[in-house]
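Enquirer: Listed here are the chains, written in short residue letters.
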Amino acid sequence: MFDLTFHPGGVHPSPTLRRRDALRVGGLSAFGLSAAALLRAKTTRAADAPAPRAKSVLLVYLGGGLSHHDSFDLKPDASAEVRGQYRPISSNVAGLDVGELLPRMAQTMDKVCLVRSGAHNNDHHETATNWVMAGRFGSAFGDWPALGAVAAHELGFSGELPPYVAIPRNPSFTWELGRSAFLGGRYESFKAGDPNDANFRVRDLSLPGAIAESRVARRQSLLDAVDGLARGIEGNDQILAYDEYQQRAASMVLSGKAREAFAIDQEPAERRDRFGRRRSFRHSTRSCLSSTRDSPHWSLTCTNAV
Amino acid sequence: MNPLRFGLIRLAVVAVGTLSFSVCVAAPPAVTADTTVSFLNDVEPVLTRFGCSSGGCHGKLAGHNGFRLSLRGYAPEQDYQWLAREAQSRRVNLIDPAASLLLQKGAGTVPHGGGRRLLVDSPGYVVLFNWIRQGLPPIAAEERRPQRLEIQQTAVTLATGEERQLAVTAFYSDGTTRDVTWMSVFKSNDAGLVEVSAEGRITARRAGETAIVAAFDGLVASLVVTVPYPTEVLASAFAERRNFIDTHLFQKLEALRLEPSGPCDDATFLRRSTLDVIGTLPTAEEVRAFLADSRSDKRAIWIDQLLNRPEFADFWALQLADLFQNRRERDHDVRGVKGVRALHAWLRTQMAANRPWNDIARDVLLAQGDTSATPAVGYYVVTVGEQPAERSEVADSVAQAFLGTRIGCARCHNHPLERYTQDDYYHFIGFFSRIVLDRKEPKDGATRLQVGTQHTLNLSRQLQNEQRGLAKLISDNAPADQVEQKRKQVAGIEREIDQNLQSPPRVSQPRTGVALAPRSLDRQTIEIPPGGDPRQQLADWLTAGGREQFAGAMVNRIWRHYFAVGLVEPVDDLRGTNPPSNRPLWDALVAEFAGHNYDFKHLMRLMLNSRAYQLSSATTPANATDTRFYSHYYARRLSAEVLLDGIGQVTGIPESYPGYPFGTRAIQLPGPQVDSYFLSVFGRSDRVTACDCERNNDVTLPQLLHLRNSEALLQKIDDGAGRLAKFVAETPDDNALIDQLFLTALGRHPRAEELARVLTAFGPQANRKEAAADLFWALLNTKEFAFNH
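These protein sequence lines map, in sequence, to chains A and B.
Remember, this note's numbering sits 6 above the position in the first sequence when you count from 1.
Remember, this note's numbering sits 433 above the position in the second sequence when you count from 1.
Any given hint could turn out to be false.
[Unchecked claim] To be clear about the criterion: a stretch of chain B counts as covered by chain A if any three or more of its residues have a C-beta under 8 angstroms from a C-beta of chain A, and this derived list gives those stretches:
| no. | stretch |
| --- | --- |
| 1 | 1068-1074 |
| 2 | 1116-1122 |
| 3 | 1136-1143 |
| 4 | 1204-1210 |
Hints are computed from structural coordinates only; laboratory data are not their basis.
All C-beta atoms in this analysis are idealised placements derived from N, C-alpha and C, irrespective of residue type, glycine included.
My request is simple: use the sequences and hints to build the entire structure.
Expert: This is the structure:
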């Protein structure tokens, strides 16, 4: 479990107990968990074993989508104009209600760290989206790198998978949001495309058509024979990047692991059904990403209801 | 107060202060108990120097933990209130200054989120202490103010590892000077090259050249530090010089002991220059003809031919369209694709006629009327959009596109690295306070830019209504008194419009509420005649007398286009604290461009004919780490449009774009709204802002995946109507076929060792067509194809 504290100053991963934890735990103390107990739990863990470390993060970004007061933060006591049309139901965490449209989610809330207090006061699509993506306020044009780009910068490739993957693509109204900003193009998201499309395949990840293996090998050896520019040029960052990605691209295609990671049709039908049949929620193709050994450090999946 | 304690402070400070004059090291000034502390001249600089008012701490808009300061002290009156008065003056303790929250927090003697910023009894501490002890002297009406800052040396040459202490002097309005080294904030433009400590001590880390910037009390000064390479280079390496570009450029290389690479060969020159000037690959026939040409001046002849090719206008219209952000609007596009196309066509016409840059700039800046008759009005449709001009991004865009400078920071606070203040920003935007867009949906007619304000626009709409009403009354033979009343109404509105237009243009500075008149960025007050459009005066100021920033901004873009790296980087961030990497070359180029009537082709011809431009891209062990001084041609990836066109040209199967005639090239597309995965993934400009960074030249993984595996590319190679099929059919000899493919894709013959390895793929058993297709694929996937080198 990890906590994010979201406020206009930024998003801070919580290394120690913060005020919010204390408040929340304090609020739950009637149910037998006190702040002291939580502190104890944290220290015990630290003493016994290294803190669990997230391998990958999936950010489901419902831009203009599911409203908080219909889902995880209902306001049943508010006036009719505010509270919305749905009623709360209780979850498997005492005192934590969710919206009535999420009955199965309600049964897994004990595995969820719910932050209800993230809010901003910005009414400009691009500015606000970039703010949320980066955790840092800036101009509409994305002054700060999105967290996925930061993960890519810090962690590098995850096996053969690009570290920052966007499904189907980054959010956008006119220009692309959630970009790598000053970190540079190497850390932009890898856009996987829309798995809901008929015959979905991640672009350029497989060899087109039926092509004999011998030809694939011949192409590569011809390329090795004629690609001599870098031999005379040292210290050119673009050429170094080109070389690196040329090799990564070749091995991604040859090994097929990256392709498998996105092969939603390889998942059993019932598992796919569990992600719903409604188009917007099938975007959250968690199954296709987490079922393989490799998964990107940061996946961004978004639906724009605009 | 504890008298013993105070005595100690005096002693320490006076002793160090004396030292400072004899050895000129970073030393605090003699702040004694008797000197009256100035909030403006002492306290604010201390708060800035020790980071209290920085953007990460109390200087951000919301302050931090309840305590707020203006960013780097741009609003001293507010800071005084916040420090001395806010929260029942809890931050200062007049009876026991040392117990002031300000000092306890700053010295970290009570818990402070920002940690310890000042040691107790250190000079900064003493300034704050004395200011409190003296009863918080407020800002006086007539205080001396610093007017100029200087780092003592103008240039410094150091060996790697060598150190030097800088001394910074401030020159005040009353004629006094002051050593402000200890109160200055230092920054290195390249900290990996020359490091600078908070106290102003510089250390040379590796060879090259960069600038150190010192900031004090809203002023900045910079110092160029040169760290020559260790090995001596023979003078003959710099001897051959073809024009003044080479003179200055090789002088710099000589000073840095940076060895230039040798000249590039003819085939490389032909491909390089053709790509750079017209964004197009040379054909195999052009390569053969050029290599066979034995004239000694064939390169100069080729350059002249390129500058007169029709593709020149296409390619340079694309560059200007990026600069002028030619795209559809974000939300309520009033201009539509038609308007985008019209502006693009207009730009192409300008470049085809080689119109001088100052004329093009004036036409765009002064555009008015409707978008169909004056396509350049589109520049304002995009940059002003739906807001009043003085609240839009137009000033930021104009400053960046025409002056290569970024003033956006100053919208909210004084620019951290430049002298621009918030006042400067609102003075500047005043030039756009008398334009208004009469926006119309395309079906209702063309959007018009007219001189006036939103208020006068509303009035003129009202006027039209009333005039129609009057005409109707007259034609209906209405009673005379009704007609007369209507006439009066019409005259009243006309008078009101006139009064509004005649009033001097002013923009309110949001922080101070003061109404500011238009003023140029170099702070010349400019008379605006009553009723005039202040943009006229802006355009005059901009293009007058070879203004360095105006000419230089374009010179730098063109230089970067041909030499990959701007003399100033980022290319559109010209400021005193970001000096050009070669000042004499910069001065000479700027003078040349302005002195030759802002003639694009003249400037380009000079650059292209220089020896510097024609150096090889291959590095030598001695110059491989150079990325700034042009010791070799810096190979770079082709831009999105040029690469896509290149693939179309080489395969003989051009890309098609919906809505555009077959054969339209990517460099001819008017705007970024044309859907293309290839162009997006290779980083074409979205033209959302005037920033040059909108175009992304990075190399990314999806690009490589696309070049290797894209079905579209493979289909182009295999297409029966394509060039490969034709070559295979017409060229029975394998060697000749391979040669043709090399010439077509890479613009050169294969080398012997390449030919030998490639021929093995064309064995007797091989399917010749497939082997040729595989070779073609390999050639299109080389760095040599994807790069200009």
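Enquirer: Determine for every hint whether it applies to the structure shown.
Expert: Here is what the structure says about each hint:
1. 1068-1074: With 3 residues in contact (Cβ-Cβ under 8 angstroms with chain A), the coverage given for the stretch 1068-1074 of chain B holds.
2. 1116-1122: Three-residue rule met by the stretch 1116-1122 of chain B, so holds; n is 4.
3. 1136-1143: holds (count 7)
4. 1204-1210: Since three or more residues must qualify, the claim that chain A covers the stretch 1204-1210 of chain B holds, with 4 doing so at under 8 angstroms.
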